[in-house]
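> Modelling step: build the complete structure from the supplied sequences, incorporating the hints.
There are 2 protein chains.
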Amino acid sequence: MASRDSILSAAQRQLNQDPTASMAVVAEAAGVGRATLHRHFATREALLTEIGTRSLDRWQSHLDERDVAAVAASADPGRIAECLAALIRDFVADADDFGFALTDTYMCAEPALTARAEALFAREVELYAAAQAAGVLRGDVSARWIGHAIYGLLVAARDAIRAGDVARRDLDGVVLSTFLTGGAAR
Amino acid sequence: MASRDSILSAAQRQLNQDPTASMAVVAEAAGVGRATLHRHFATREALLTEIGTRSLDRWQSHLDERDVAAVAASADPGRIAECLAALIRDFVADADDFGFALTDTYMCAEPALTARAEALFAREVELYAAAQAAGVLRGDVSARWIGHAIYGLLVAARDAIRAGDVARRDLDGVVLSTFLTGGAAR
DNA sequence: TCCATGTGAGACAGTGATGTCTCATATTGA
DNA sequence: TCAATATGAGACATCACTGTCTCACATGGA
Chain A
171 MASRDSILSA AQRQLNQDPT ASMAVVAEAA GVGRATLHRH FATREALLTE IGTRSLDRWQ
231 SHLDERDVAA VAASADPGRI AECLAALIRD FVADADDFGF ALTDTYMCAE PALTARAEAL
291 FAREVELYAA AQAAGVLRGD VSARWIGHAI YGLLVAARDA IRAGDVARRD LDGVVLSTFL
351 TGGAAR
Chain B
171 MASRDSILSA AQRQLNQDPT ASMAVVAEAA GVGRATLHRH FATREALLTE IGTRSLDRWQ
231 SHLDERDVAA VAASADPGRI AECLAALIRD FVADADDFGF ALTDTYMCAE PALTARAEAL
291 FAREVELYAA AQAAGVLRGD VSARWIGHAI YGLLVAARDA IRAGDVARRD LDGVVLSTFL
351 TGGAAR
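Protein chains in written order, with this note's numbering: chain A, 171 to 356; chain B, 171 to 356.
Derived from the structure by calculation, the hints contain no laboratory data.
Quick caveat: nothing in here was measured; it's all calculated off a predicted structure.
We treat Cβ as the ideally placed atom computed from N, Cα and C, and that holds for glycine.
Heads up, some of the hints might be wrong.
What follows is a list of derived Cβ distance ranges for each label pair [stated by the list, open to error]: (1) B:Ala212 with A:Arg339: 44 to 52 Å; (2) B:Thr351 with A:Asp188: 31 to 39 Å; (3) A:Ser244 with B:Asp227: 48 to 56 Å; (4) B:Arg332 with A:Thr351: 26 to 34 Å.
Chain B is faced by these chain A residues, among others (derived, beta-carbon under 8 Å) [to be verified]: (5) Val202; (6) Gly203; (7) Leu307; (8) Arg308; (9) Arg314; (10) Val325.
These stretches of chain A come out as covered by chain B in the derived footprint (C-beta under 8 Å, 3 or more residues) [unchecked claim]: (11) 327-340; (12) 343-353.
Below, the structure is given as C-alpha cells:
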C-alpha cells in the first residue's frame, strides 16, 4: 500500500519531469490507480498546491534552521558569510528535486503560494541586505537583485545537472563560487 | 487587417504571460478571430514552433552579428571580453520579450527546436572556452557551466524586471557585473 | 458598380482530461 | 475465520480545447 507521502513524492518527481502530466500519468508513475490518487488528492489543483506547499515548507525549514533573522541581526561578517554559503548549499541540494516548483505556471499563479513565496523571499533578502551592510556582499546592487540572481543560478544548477554538464558533487561549490566571485578570471 | 507578423508578436506576448493560454485567448489578445488565427497557424503546435523558431532566429542573429566564431578564434582577450559583454547585453535586452521561450515546456520538448538550441548553445560555449583560454574567464569551471550560469542570470533578469526590482536601464549593467565579478564585496 | 479576397461569428464533431461512481478484490486486524 | 478498510479497474458524464466548416459582411481593386 502506497502511503500518501510516497504518492506525493512520486507525483512531484513525475511533474518535475513533465509539468503537464495528466492525473492518469501521475497515478501510473506512483504505481497507484487513478481512483486512489483522487482519493488522496481530490483535484489536480489540490495535488499541485500540496506539492507547492511542500516545496515552500522545505524552503522555510532551511531559513529556520539557519536562523537567518538572528544571523542578519548579528551583523557579524563571519557568521553572515558562513550562513550565506550554507544556505546556498541547501538550495542547490534541492534544486533538481524541487526544480519545477521554481518555474511551473500553476505555482506562480496560485495566490496563496505566491504570497508565501514572497514572504520567504523577503526573509531571505533581509539576510542579503545585512550581508551588504556587513561588507560581505557588494552594496551597489539592490538586495532583491541578489535574491533573483541566486534564484537564477539555482535554475542554472538544475539545468546543468539535467544536461550532465556538472558533476553533482561539484555543483554546490561551482554555484557558490560563481555567485560570490563571478565568472571572470581573477 | 492584422498582419501575420503582428499576430505572431501578440501571440508571443500573450503566451509569454500565460504559456497555457488557449487559441481563443491568443486570438482575442491579437485582436483577431479564432478562425483567422487558425488560417495563419494551422495548429497550436505550429504557432508555438513558429514562436520558438523566431526566438532562436533572434538568438542566432546575435551570435552572427557579433561574429562569435571569429572572435573566439582571434584569441584576443580584449576583443573576447568586449564581445562577451556585448552579447550579454543583447540577451538581456531580449530576456523579457523572449522569456517564456526560455522555460516553456513545449519548447523544451520539440526535438527540432531543442536540437537547434543546443547547436546555438554550443557556438556560444565556444566563445566561453576561448575566453577561458585567453584568461578572460576563469578556467576552473566548465565552459558549459558558464553558459548555464549566464542563462540563469537571464532568468533572474526577467524575474527582476517583472517584479520591478531593477530599473530596465540598469539591468544589463547589473547582470553583466554580477556575472563577471559576482555578488561578493570587493 | 461588381467582384474578389479576407475576416468575424458561430456551429460542429472529435478528443483528451477531469472528477465521480460502482464493484470485485486484496489486505489488514480482531 | 470474519469483518472492515483500502485498492484497482473501469464505466460514466462533463467540460474545455482543438481544428474544420459555413455564411454573412466588409474592404479594396478593376
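> Which of the stated hints cannot be reconciled with the structure, identified by number in ascending sequence?
5 and 6
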